[in-house]
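Number 211 in numbering that gives the first Met the number 0 belongs to position 212 of the sequence shown; there are no gaps in the numbering.
If you're looking for bench data, these hints aren't it; they were derived computationally from the structure. There could be a bad hint or two in this list.
Calculated lysine to aspartate or glutamate pairs in the DMTMM-like style (CA-CA distance at most 20 Å, straight line) [stated by the list, open to error]:
#1 K48 to E119
#2 K51 to E124
#3 K130 to D188
#4 K130 to D197
#5 K102 to E124
#6 K77 to D42
#7 K102 to E117
#8 K48 to E124
#9 K114 to E124
#10 K130 to D191
#11 K48 to D129
#12 K77 to E117
#13 K102 to E119
#14 K130 to E117
#15 K51 to E117
#16 K51 to E119
#17 K77 to E119
#18 K190 to D129
#19 K51 to D129
#20 K130 to E119
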Amino acid sequence: MAKDSAHDPKVERVLRAMGDSSTVGHPDLFGRFTGMRCFASHDYACALKYFKYGAYYADKFSELALGLMYAHGNGVVKNPSTAWAWLSLSASRGYPEFVATRKRIGARLTPAQRKAGEVELATLEKTYGDKVAMPRMLGALRLAMMSDLTGSRLGFDQGVFTYSAHHHLNGPQLTPRGFGNLRDRWYWDPKDYFQQRDAQWGAGTVTVGALQQPAPAHASSVGKR
0 MAKDSAHDPK
10 VERVLRAMGD
20 SSTVGHPDLF
30 GRFTGMRCFA
40 SHDYACALKY
50 FKYGAYYADK
60 FSELALGLMY
70 AHGNGVVKNP
80 STAWAWLSLS
90 ASRGYPEFVA
100 TRKRIGARLT
110 PAQRKAGEVE
120 LATLEKTYGD
130 KVAMPRMLGA
140 LRLAMMSDLT
150 GSRLGFDQGV
160 FTYSAHHHLN
170 GPQLTPRGFG
180 NLRDRWYWDP
190 KDYFQQRDAQ
200 WGAGTVTVGA
210 LQQPAPAHAS
220 SVGKR
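Please build the complete structure, drawing on both the sequences and the hints.
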């Protein structure tokens, strides 16, 4: 049996970092971080809300999280078709492990479930697809630059994290992996933002199993913005 993750210092470190980090100008990260904190507190309705917010701004991890929540029934009735639709969105930029997760879930679908998933994917793309979500996110970056909000970069000292999730006998295990600091120029450059994000996820920094369910975080807030 794997150790109880409730007091895993790595998980606690991620939750503290997300709670301490400002996400001004980065609504994608605000949705992701807040969704993770809600999920860690077992507040699945909150997690769904904020992962959808992250997805609205083209955050692929948020889309992945939504797919896994529907696949495993975290706060929702298990729905393989909906899970596959969200996972298809998350895999649309070709991140290897995201693609593998979509394929794994897709292989379990019946023909009817697959057809329903394709219909749902077409609906989701109208709001969350990259064609509409990426310009939305780039607009947020430009607005932050124009508004001189980047003075808040000092709040990003904790950096940004990706996540690894591995299956164990008593559930999946989440491991944080640091990959940079939000003071880096590309975090604020609309020309480079998605190119750099894609390069990071495509470098094999994430292994996806399922979202972990640690004990509720001790911090009182779900995120700072």
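inquiry  = Flag every earlier hint the structure violates by its number, smallest first.
reply    = The structure breaks none of the hints.
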